[in-house]
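All chains should be built: construct the whole structure from the sequences, respecting the hints.
Count along the sequence shown starting at 1, add 107, and that's the number in my numbering.
It is worth saying that the hints were derived from the structure and are not from the lab.
Note that the structure is predicted; figures quoted are calculated from it, not measured.
Treat the hints with caution; some may be incorrect.
FRET-style restraints, in silico, Cβ to Cβ [what the hints assert, rightly or not]:
#1 147 <-> 114: 45 to 53 Å
#2 148 <-> 123: 54 to 62 Å
#3 135 <-> 192: 17 to 25 Å
#4 151 <-> 115: 28 to 36 Å
#5 165 <-> 110: 46 to 54 Å
#6 116 <-> 202: 50 to 58 Å
In silico EDC-like links for lysine to aspartate or glutamate, alpha-carbon gap of 20 Å or less [said to hold, decoys possible]:
#7 218 <-> 202
#8 156 <-> 175
#9 165 <-> 193
#10 185 <-> 175
#11 165 <-> 177
#12 156 <-> 183
#13 114 <-> 128
#14 156 <-> 193
#15 185 <-> 208
#16 165 <-> 154
Cβ atoms here follow ideal geometry from the backbone N, Cα and C, with glycine treated the same way.
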Amino acid sequence: MPLKVRKNHSPEPPLNCPLSECLAIVGGAWTPNIIWYLSAGPRRFSELKVDIPGISAKVLTQRLRTLEAEGAVHREVKPTSPPSVEYRLTDMGEELVPAIEAIVAVGHKLKQRKARAARLNFGTAQS
108 MPLKVRKNHS
118 PEPPLNCPLS
128 ECLAIVGGAW
138 TPNIIWYLSA
148 GPRRFSELKV
158 DIPGISAKVL
168 TQRLRTLEAE
178 GAVHREVKPT
188 SPPSVEYRLT
198 DMGEELVPAI
208 EAIVAVGHKL
218 KQRKARAARL
228 NFGTAQS
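Encoded structure:
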């Protein structure tokens with residue numbers, strides 16, 4: 108006998124769901140890392156490349172261009188020789204930082220739970 112489908116009691120999401128809007132910006136791979144490092148102040152491309160080991164130059168370029176197009180990052184060409192480019196968060200980009208900090212806090216809790224579970228499993232395996 109099939110199970111009866113229960114009624115969903117959550118409210119309908121608002122039109123053009125704000126969660127989807129936010130995740131469209133921060134949801135890409137490496138994007139939260141870029142926002143995290145830019146939250147401390149302007150960084151050059153080469154500095155972000157060092158800050159985020161494992162990201163390729165191609166992906167970093169793509170993510171920075173997307174963040175710039177979304178209005179979260181400002182790109183400024185400095186009149187140096189050779190020219191250098193600095194990236195910084197815009198006011199809208201700064202508004203994303205607390206959301207990323209909240210995700211980081213939950214991530215720390217999840218890691219602690221996994222570590223406790225691993226210790227418990229290790230203890231029972233030894234018995």
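Verification of the supplied hints:
1. A C-beta distance of roughly 47 Å is found between residue 147 and residue 114, which places it inside the suggested range of 45 to 53 Å.
2. Separated by about 32 Å at the C-beta atoms, residue 148 and residue 123 break the suggested range of 54 to 62 Å.
3. One distance hint, 17 to 25 Å for the beta-carbon pair residue 135 and residue 192, holds here, with the actual separation near 20 Å.
4. Between residue 151 and residue 115 the C-beta distance comes to about 48 Å, which lies outside the given range of 28 to 36 Å.
5. About 47 Å separates the C-beta atoms of residue 165 and residue 110, a value consistent with the hinted range of 46 to 54 Å.
6. Take residue 116 and residue 202: their Cβ atoms lie about 31 Å apart, and the range 50 to 58 Å is violated.
7. For the suggested pair residue 218 and residue 202, the alpha carbons sit about 26 Å apart, so the restraint of at most 20 Å is broken.
8. Between the alpha carbons of residue 156 and residue 175 the distance comes to roughly 17 Å, so the proposed pair stays at or under 20 Å and holds.
9. At roughly 17 Å between alpha-carbon atoms, residue 165 and residue 193 fall within 20 Å of each other, so this suggested pair holds.
10. Between the alpha carbons of residue 185 and residue 175 the distance comes to roughly 17 Å, so the proposed pair stays at or under 20 Å and holds.
11. Distance hint between residue 165 and residue 177 is fulfilled; the C-alpha atoms sit about 18 Å from each other, no more than 20 Å.
12. Note on residue 156 and residue 183: the hinted pairing holds, with a Cα-Cα distance of about 17 Å set against a maximum of 20 Å.
13. Taking the CA atoms of residue 114 and residue 128, the gap is near 27 Å; set against the 20 Å cutoff, the hint is violated.
14. The straight-line distance between the Cα atoms of residue 156 and residue 193 is roughly 13 Å, inside the 20 Å bound, and the hint therefore holds.
15. At roughly 30 Å between alpha-carbon atoms, residue 185 and residue 208 are farther apart than 20 Å, so this suggested pair is violated.
16. A hinted pair counts as satisfied when its Cα atoms are at most 20 Å apart, and residue 165 with residue 154 qualifies at roughly 15 Å.
In this structure, the earlier hints numbered 2, 4, 6, 7, 13 and 15 are contradicted, and the remaining ones agree with it.
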